[in-house]
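These protein sequences, in sequence, are chains A and B. Numbering-wise, numbering that gives the first Met the number 0 puts 12 at position 13 of the first sequence, and it's gapless, one number per residue. Numbering-wise, numbering that gives the first Met the number 0 puts 591 at position 592 of the second sequence, and it's gapless, one number per residue.
Don't read these hints as lab results, they were simulated from the structure. In this text, a Cβ means the ideal position worked out from N, Cα and C, and glycines have one as well. Relax, there's no trap hidden among the hints.
Okay, the calculated bits of chain A under chain B, using three or more residues with CB under 8 Å as the criterion:
# : region
1 : 5–14
2 : 28–37
3 : 44–53
4 : 61–72
One-letter residues, chain by chain:
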Amino acid sequence: MATDTAQREAHWQKTRNLMIIHLVIWFTFAFLVHWFAPQLNKISFLNFPVGFYMAAQGSLAVFVIQLFVFAKQQDNIDKEFGVAED
Amino acid sequence: MAFKFKSGGFIENLPKIYGLYTGGFLAFFALMAIFEQMGMGADTIGILFVSFTIVIYAVIGWLSRTMQVDAYYVAGRQVPPVFNGMATAADWMSGASFVAMAGGIFLGGHAYLAFVVGWTGGYVLVATLMAPYLRKFGCYTVPDFIGTRYGGNLTRICAVIVLVLASFTYVTAQINATGTIAARALNIPFEVGVWFGLLGILICSMLGGMRAVTWTQVAQYIVLIIAYLIPVFWMSNSQGFGIFPQLMYGDAVQRIMELEPQIGVGTLKPAADFATQFPGLKALTTLHATPGEGPLNAFRFVTLAACMMIGTASLPHILMRYFTTPSVRAARVSVAYSLGFIFLLYFTAPALATFTKLQLLDPNLSTSIIGKSFADVEAITWIQKWMSIGMVAIKDFNGDGIVQINEFFLRGDIVVLATPEMAGLPYVISGLVAAGGMAAAMSTADGLLLAIANALSHDLYYKIIDPQAETRKRLIVARVLLFAIGALGAFVASLKLTGILGAVAWAFCFAMSGLFFPLVLGVWWKRATRAGAIAGMVIGLGVGTWYLYMVKWGGMVPWYGLDHLRFGIVGATASLIAIVVVSLMTEEPDAETQAMVDEVRIPRGETILGSSH
Numbered sequence: 000m001a002t003d004t005a006q007r008e009a010h011w012q013k014t015r016n017l018m019i020i021h022l023v024i025w026f027t028f029a030f031l032v033h034w035f036a037p038q039l040n041k042i043s044f045l046n047f048p049v050g051f052y053m054a055a056q057g058s059l060a061v062f063v064i065q066l067f068v069f070a071k072q073q074d075n076i077d078k079e080f081g082v083a084e085d
Numbered sequence: 000m001a002f003k004f005k006s007g008g009f010i011e012n013l014p015k016i017y018g019l020y021t022g023g024f025l026a027f028f029a030l031m032a033i034f035e036q037m038g039m040g041a042d043t044i045g046i047l048f049v050s051f052t053i054v055i056y057a058v059i060g061w062l063s064r065t066m067q068v069d070a071y072y073v074a075g076r077q078v079p080p081v082f083n084g085m086a087t088a089a090d091w092m093s094g095a096s097f098v099a100m101a102g103g104i105f106l107g108g109h110a111y112l113a114f115v116v117g118w119t120g121g122y123v124l125v126a127t128l129m130a131p132y133l134r135k136f137g138c139y140t141v142p143d144f145i146g147t148r149y150g151g152n153l154t155r156i157c158a159v160i161v162l163v164l165a166s167f168t169y170v171t172a173q174i175n176a177t178g179t180i181a182a183r184a185l186n187i188p189f190e191v192g193v194w195f196g197l198l199g200i201l202i203c204s205m206l207g208g209m210r211a212v213t214w215t216q217v218a219q220y221i222v223l224i225i226a227y228l229i230p231v232f233w234m235s236n237s238q239g240f241g242i243f244p245q246l247m248y249g250d251a252v253q254r255i256m257e258l259e260p261q262i263g264v265g266t267l268k269p270a271a272d273f274a275t276q277f278p279g280l281k282a283l284t285t286l287h288a289t290p291g292e293g294p295l296n297a298f299r300f301v302t303l304a305a306c307m308m309i310g311t312a313s314l315p316h317i318l319m320r321y322f323t324t325p326s327v328r329a330a331r332v333s334v335a336y337s338l339g340f341i342f343l344l345y346f347t348a349p350a351l352a353t354f355t356k357l358q359l360l361d362p363n364l365s366t367s368i369i370g371k372s373f374a375d376v377e378a379i380t381w382i383q384k385w386m387s388i389g390m391v392a393i394k395d396f397n398g399d400g401i402v403q404i405n406e407f408f409l410r411g412d413i414v415v416l417a418t419p420e421m422a423g424l425p426y427v428i429s430g431l432v433a434a435g436g437m438a439a440a441m442s443t444a445d446g447l448l449l450a451i452a453n454a455l456s457h458d459l460y461y462k463i464i465d466p467q468a469e470t471r472k473r474l475i476v477a478r479v480l481l482f483a484i485g486a487l488g489a490f491v492a493s494l495k496l497t498g499i500l501g502a503v504a505w506a507f508c509f510a511m512s513g514l515f516f517p518l519v520l521g522v523w524w525k526r527a528t529r530a531g532a533i534a535g536m537v538i539g540l541g542v543g544t545w546y547l548y549m550v551k552w553g554g555m556v557p558w559y560g561l562d563h564l565r566f567g568i569v570g571a572t573a574s575l576i577a578i579v580v581v582s583l584m585t586e587e588p589d590a591e592t593q594a595m596v597d598e599v600r601i602p603r604g605e606t607i608l609g610s611s612h
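Let the sequences and hints guide you as you build the complete structure.
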């Protein structure tokens with residue numbers, strides 16, 4: 000059954016890894032790209048300077064997509080270990 | 000609700016109900032546009048827009064009245080993810096987001112975008128670290144989680160204190176915003192507008208608690224997003240910026256960057272005494288899309304974004320929205336929808352700021368004012384109107400008769416409110432924008448007031464003072480508290496102590512200082528103990544508040560540019576150290592608590608706390 004200790008630990012291991020992956024992506028688009036905004040502004044995307052674009056739109060779009068993907072992935076993990084809701 | 004449907008219940012019919020509602024609102028908008036053509040006055044249109052929408056919210060509030068505990072606290076846990084997403088977006092987007100954000104970008108340029116990034120990125124933390132687990136826990140309030148996970152009344156009280164401090168700081172700003180908008184739209188004094196706004200807010204939440212707030216917030220989201228998007232699309236199309244402005248304003252950004260050196264943005268400074276002549280107004284002195292060079296500027300950007308993100312994930316009025324979904328899975332999906340709905344407004348705000356700026360600066364456009372003669376500019380209707388209430392000012396400091404960038408002053412808030420007039424759009428658009436701003440401020444105030452009143456009635460009154468209280472008594476206490484806190488908030492707001500934005504940023508910093516690590520580690524670190532959690536909350540909030548006081552009033556030089564808007568960084572760091580150190584010094588939590596944490600980590604199974612507790 001799904002609720003024995005080893006299963007739970009394996010489930011939590013995978014859940015934690017997924018969380019870390021998503022926080023790394025989050026860190027990149029929340030902080031890293033904006034740290035280099037002056038350099039990124041020298042290149043352009045859709046005629047936007049990229050440093051400005053990322054802060055006004057790019058990072059935001061990444062967060063939205065990321066959250067839908069996360070919900071799907073976590074759901075798959077829950078199903079794999081039989082701990083999803085019915 | 001009291002409706003009867005031909006097939007299915009209320010929840011199954013939600014898309015139909017809100018579809019009809021949206022159609023009805025658009026029809027009302029069209030009707031107002033026709034009335035305007037027939038010669039109805041601008042003031043009447045403004046009054047009709049604001050009062051019509053408030054009456055609708057009040058009707059929804061009335062229909063959602065309830066005397067059941069789980070309906071009052073968590074809307075019966077049956078709100079579908081998409082609708083909860085809309086409600087959260089309205090809960091989240093405050094008067095500041097709606098009214099002040101585009102103006103902030105207009106005046107502050109790239110540096111201000113830290114708010115835009117921060118107020119969206121926080122949802123990644125909400126989804127990965129918090130929302131699904133709190134939903135599984137089955138709590139009614141955030142202190143309910145802290146109090147049960149760590150145990151003990153003192154823990155619960157500490158969480159209530161942090162919650163009240165953060166939310167109350169925030170709610171005064173929202174009541175202030177409703178007062179400002181009501182005062183302008185209805186032509187009443189600000190002090191009366193504040194109480195009028197409060198009345199609207201209370202009607203939405205008093206009778207039905209979370210259930211009423213949920214369904215009014217969905218309605219308010221629809222109004223506010225329509226009100227934000229229509230003017231931008233209209234302006235963009237009529238001024239030739241393209242049909243989908245959010246993707247096509249790159250050229251406008253380039254054009255501004257080209258114009259800035261020519262007209263002296265950043266090089267021409269306003270006369271030293273302008274601040275005393277025009278209180279609250281600012282001249283444009285910051286470059287639009289060019290970030291400040293150097294590590295200090297980069298550091299200031301990321302620390303501000305970090306405060307807003309971590310604050311987002313600690314603010315109880317947001318977290319409690321995810322207690323209302325039918326399942327853990329639905330809570331996760333709902334966070335994604337929330338951010339999607341928020342994104343619609345937040346990626347439009349920079350576009351709006353860019354278009355408005357270009358219209359004022361570009362000498363090739365008929366709407367421009369920079370470089371024109373004072374006589375011409377003073378003849379423009381919207382300039383006259385906003386000058387008469389002290390929100391715009393021009394003054395010929397160098398005496399050459401030409402308006403220069405450092406001789407034109409405005410209040411950031413008017414960028415959203417006055418843009419329709421700047422672009423020469425009909426007044427019906429301004430009425431729509433006023434209704435949208437009102438919806439944004441009211442929905443946030445509702446969520447905040449409910450968070451405070453629920454924490455006091457459930458955690459303080461029921462869990463600590465009178466655990467034997469019967470349902471009826473509990474819900475009456477909850478309503479009395481709601482009323483009392485609302486009245487107190489309106490009283491404080493009428494004193495006009497801080498600007499809208501300062502108070503909002505502080506609320507985030509208070510919440511992250513006291514609540515973030517006790518919440519996260521409550522799920523993710525079994526070793527976190529009661530003493531650790533108390534230390535984390537008390538020391539985090541204490542150090543954060545001390546730092547705020549020292550930097551803002553005590554004359555201390557901020558550490559590494561961490562000014563009063565960023566004090567949460569200091570508070571949350573202290574909180575983390577305190578909770579880890581004290582937890583390791585105390586005995587590890589008992590087997591029962593550890594088993595409870597294990598149970599929170601998997602979606603399957605009953606909630607930790609019963610559906611009615």
